[in-house]
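> Residue numbers (this note's numbering), protein chains in the order written: chain D, 1 to 307; chain Z, 1 to 307; chain L, 1 to 307; chain B, 1 to 307.
Just so you know, these hints were derived from the structure itself, not from any lab.
Treat the numbers as computed from the prediction; the structure is a model and nothing was measured.
Built from N, CA and C at the ideal position, the CB exists for glycine as well.
Be aware that a few hints might be false.
Claimed, not checked - Each computed DSS-like pair below joins lysine-lysine, with the alpha-carbon atoms no more than 27 Å apart: (1) Lys114(D) x Lys27(D); (2) Lys66(L) x Lys114(L); (3) Lys114(B) x Lys114(D); (4) Lys98(Z) x Lys155(Z); (5) Lys66(D) x Lys155(D); (6) Lys66(Z) x Lys114(Z); (7) Lys66(B) x Lys229(L); (8) Lys98(Z) x Lys229(D); (9) Lys114(Z) x Lys229(L); (10) Lys114(B) x Lys66(B); (11) Lys229(D) x Lys155(D); (12) Lys114(L) x Lys155(L).
What the hints assert, rightly or not - Sample of chain Z residues facing chain L (criterion: CB under 10 Å; computed from the structure): (13) Ala54; (14) Leu56; (15) Ala88; (16) Tyr96; (17) Ile100; (18) Val110; (19) Tyr240; (20) Pro255; (21) Gly266; (22) Gly270; (23) Pro275; (24) Pro280; (25) Ala282.
To be verified - These stretches of chain L come out as covered by chain Z in the derived footprint (C-beta under 8 Å, 3 or more residues): (26) 108-120; (27) 184-198.
4 protein chains.
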Amino acid sequence: MTITTLEGIVAYPVTPFLSNGSGIDEKAFRRVTDNLLRTDPAAIAFLGSAGESAYLTGDEWRQAAKLGVETVAGRVPVILGIGELTTAAAVAKARYAKDIGADMLMVIPVSYWKLTEAEIYGHFAAVAAATDLPIMAYNNPATSGVDMPPSLLVKLVRELDTVKFVKESSGDLNRMHAIRTLSNGEIPFYNGANHLALEALAAGASGWCTAAPNLLDDRPRILFEHMRKGRLGEARELFYRLLPLLRFIVVGGLPTTVKAGLRLRGLDVGDPRLPLLPLPEAQRHELEGYLEAIGVGAIEPQLLRCA
Amino acid sequence: MTITTLEGIVAYPVTPFLSNGSGIDEKAFRRVTDNLLRTDPAAIAFLGSAGESAYLTGDEWRQAAKLGVETVAGRVPVILGIGELTTAAAVAKARYAKDIGADMLMVIPVSYWKLTEAEIYGHFAAVAAATDLPIMAYNNPATSGVDMPPSLLVKLVRELDTVKFVKESSGDLNRMHAIRTLSNGEIPFYNGANHLALEALAAGASGWCTAAPNLLDDRPRILFEHMRKGRLGEARELFYRLLPLLRFIVVGGLPTTVKAGLRLRGLDVGDPRLPLLPLPEAQRHELEGYLEAIGVGAIEPQLLRCA
Amino acid sequence: MTITTLEGIVAYPVTPFLSNGSGIDEKAFRRVTDNLLRTDPAAIAFLGSAGESAYLTGDEWRQAAKLGVETVAGRVPVILGIGELTTAAAVAKARYAKDIGADMLMVIPVSYWKLTEAEIYGHFAAVAAATDLPIMAYNNPATSGVDMPPSLLVKLVRELDTVKFVKESSGDLNRMHAIRTLSNGEIPFYNGANHLALEALAAGASGWCTAAPNLLDDRPRILFEHMRKGRLGEARELFYRLLPLLRFIVVGGLPTTVKAGLRLRGLDVGDPRLPLLPLPEAQRHELEGYLEAIGVGAIEPQLLRCA
Amino acid sequence: MTITTLEGIVAYPVTPFLSNGSGIDEKAFRRVTDNLLRTDPAAIAFLGSAGESAYLTGDEWRQAAKLGVETVAGRVPVILGIGELTTAAAVAKARYAKDIGADMLMVIPVSYWKLTEAEIYGHFAAVAAATDLPIMAYNNPATSGVDMPPSLLVKLVRELDTVKFVKESSGDLNRMHAIRTLSNGEIPFYNGANHLALEALAAGASGWCTAAPNLLDDRPRILFEHMRKGRLGEARELFYRLLPLLRFIVVGGLPTTVKAGLRLRGLDVGDPRLPLLPLPEAQRHELEGYLEAIGVGAIEPQLLRCA
């Protein structure tokens, strides 16, 4: 399917590993995916920050990408995350994504040496030239070490035909203001900062890119609907109810906290990959408290298509 | 009048100086006040950051405070800003404010040497003990050098009887989230960050403390009304229309930019006090462009009661 | 005396207050001054950051300035600190300093509203024009809220005849590198960051502006001498021996910690002015430990001329 | 050889790529190495930040590591840099390094998700357990996204037998102070911040880890010798002469600037790997000016053993 618009929740699965840490747990992977599909997302984005993409080998990335496309099986658009230090590796993944039938790419440059704007631009241009898939330019300085200012993000969309969307995870709402202002409201931007979801939607974000549905089911989507329909009071109430958990998963790191939460919900997806450790006991209790306070229940296996 | 609730726009006048810089221009002061009263604010706050309080002598502060109370003459509540380095000076101003009939104090500690939480607490406790006036605890680290975390602000309200309100100007919405969460939504907080007005109201701010009505008339109040009534689309449209000017006055400094804007609108209030300089030519043109784009007109003298 | 060069330790006394906090303790003031003169400083600087200048009324500032000049009585040059929000107040103090016979001014702009470079320049130009006293431009963003980049500091010295020295307290050694490079090594700069004294001298600082001699007697001067004579090993050993105390007084705030330390040494100079509180018990013990480890003894009253 | 002490200059070669970007240029690699050996370094460290280690495939890393060991051929100790996101990959590289005869490992954890101290510790413990090679724990938050405080670095050395050295590249001298203080001067630390080389040596750094000898030949070593012998004046003069270039290579990124500089010196080592771009024309001229001002000449091919 060709994606031209995208509105609502873009859901991010974690990548489950086998218990010995040696590879991807395909069965759990399908379950995680199905669990997200139940929440009625606008799209599913595999191999993003939450998906521990940075910790996979090239072979594993391709395995997970393929499995993702197959599991979703056209039910919603599939987005694949590409976060690479070298342009060559990013281009190779883009081509692979096209080959296996992904619908969109989410591209984040990753730095060791600080990149100039010309270098970031060149990276996107090369990835964009590799396929005709639409691209979401993803800014997340805290994880990637690259901070793309609004002017650059707008330039990427304006000048590169297939770069069509922006995901902003810096947590600075002024960036969203600038993207909207610089583009006369024409460039759709998505919020990746869970703890500012309410305000980002107020500011006009077209959607919310989040791993939260793994733990919160359709509550993020309901928050989105409230805001779209001007039910500000309901949206605010719901947001503040979810906020402790949203903050917790941001502060504790998505793979670590979401994997712990899924296990608490009865869906064991293993642990994050070393050096990342499982969530410590004390924080697991804290997380359990948040889930209970919100009323999050167990994941019923029979509801998952792949069960 | 005893203020127990406060909702909407708290308007901040600048303090006009005579052309030779030697004292307060009382006639212009009254005009600035009347111009704000026309915008139907919930309250008027004299001698805040916008009022160049930090640049006045003690005598001038008392002169302006008295003049403010007299000019408003009970039409709306009068709030007086108290930002002092020493507790003794803050207490003396609080007593004076009570004597002349002010309705509320807005208190901001100012640092040269970094203050501990115990020192900040002691400062507020002493000012609170000096009168029975309600107090708004005001956090603005960029100007005052003191950054009060939400936990301390909530503690001040919880433990000091007359400290009832919080004004947050740090521009960090997480602070507002924390105030609401820590106080179970019971402590009213006000936004002092003009460039985040939309999102702060979305987050549940009870009002917007702003000098913007000097230049934008009742537009900030209309934005507030839109948000209160769930007209999110209209609010967002209006906010983005006002945003270039809101950002401009924050970045350029309120006294400098608002005084320049009032002069452009036909109400000459003199220049800010040295070392602050009048707005440079190029930026004055920029400001003029913003005012025109929004459709801000001249201030008609005949509409001012004191004209 | 006309100061054209200055090399070594510039010692900063605290300003003692009477026990009820209501005014300056003149007897203690003289003792503090004499205690510093015993350490053989290159100059004494009254009413700097350590001297709680920001917390004095105008009358108190003048009283302390006069008392300082009289107590030193020409034994070493006297520098007076001028840190004012308004240019008018700074100019008035400069004139007073000249009238009472001070030898040099140390000028730091203080901000509430962020100052542009033109505003800072204008402030210095006005103070420089007020007298013929040599001026040390003092940069201390953490306390004053004004951060003057090296390019501006060099410009002030180059263009304003009486601005001859720079004191850098930002703690960023790159600033010192830039001052030296931009001025071809011609502008003498002084270090105000106690915890980097060793490295600042290595980088070529002409001296060390410090309140440490109040507690460390001539040890800072000895460190300076070691460095001047290339005894790097001895300098390093001494520096690391003093470092815990140097860090402690920086982190805890100079007036608070130095006053506590002087009391521990038997010279009671009262407490800092509210909202600043006396050093808490636990930290007083910590300070006592540092003094003992260094071998700092009591201040013998009979050694003070004014005893 | 078993390294127990290390003092002086640790020289960092860049990794030359073939003109089409498709692989390592072995001939140029050997020349770069020989050029560094001419400068009489204490050790050579391949595959560090300057060596674009983060941009190599696993195969290329092993190829370069082997080539490095072979080229040095025991003339000085060989250190190999290991900067990996996963502990598994780091352990594998450590074993390979041991197998091929490297003398020491320089280990830097790299983050996508922020690491806790327990996670960092676990990473080092696993790498340390993999071989008996001595390890230098390397802190460089700007490139790796991981900031290890002095307390953690000291703990690593204290508790893990083979972790024996610390390299600090944060550019914060307080870190070096803390390492020395926390370890009673027993843990040798090395400076990785070129622009603070003078001060780091003053603070007691045992050596300077730097790519500067690629462009500055033995000047860094001479600076080190000056400082070791207490010739502070000479050291300072030399440092300020080198400083513009040292700053330039830090700000512009080591692979980009050092490769450009080597080409200017007649030793073509190709370009950095995309997305890194060759140094732009204007900056190349700037660099050329710095080299000329210092008197850096061409690299004579006949002086390189491998020529």
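> Against each hint, give a clear statement of whether it holds in the structure.
Hint check:
no. : hint                  : verdict
1   : Lys114(D) x Lys27(D)  : violated (39 Å)
2   : Lys66(L) x Lys114(L)  : violated (32 Å)
3   : Lys114(B) x Lys114(D) : holds (18 Å)
4   : Lys98(Z) x Lys155(Z)  : holds (24 Å)
5   : Lys66(D) x Lys155(D)  : violated (31 Å)
6   : Lys66(Z) x Lys114(Z)  : violated (32 Å)
7   : Lys66(B) x Lys229(L)  : violated (47 Å)
8   : Lys98(Z) x Lys229(D)  : violated (46 Å)
9   : Lys114(Z) x Lys229(L) : violated (37 Å)
10  : Lys114(B) x Lys66(B)  : violated (32 Å)
11  : Lys229(D) x Lys155(D) : violated (31 Å)
12  : Lys114(L) x Lys155(L) : holds (19 Å)
13  : Ala54                 : holds (4 Å)
14  : Leu56                 : holds (9 Å)
15  : Ala88                 : holds (7 Å)
16  : Tyr96                 : violated (16 Å)
17  : Ile100                : violated (22 Å)
18  : Val110                : holds (8 Å)
19  : Tyr240                : violated (25 Å)
20  : Pro255                : holds (6 Å)
21  : Gly266                : violated (24 Å)
22  : Gly270                : violated (15 Å)
23  : Pro275                : holds (4 Å)
24  : Pro280                : holds (8 Å)
25  : Ala282                : violated (12 Å)
26  : 108-120               : holds (count 11)
27  : 184-198               : violated (count 0)
Checked against the numbered hints given earlier, the structure breaks hints 1, 2, 5, 6, 7, 8, 9, 10, 11, 16, 17, 19, 21, 22, 25 and 27 and satisfies all the rest.
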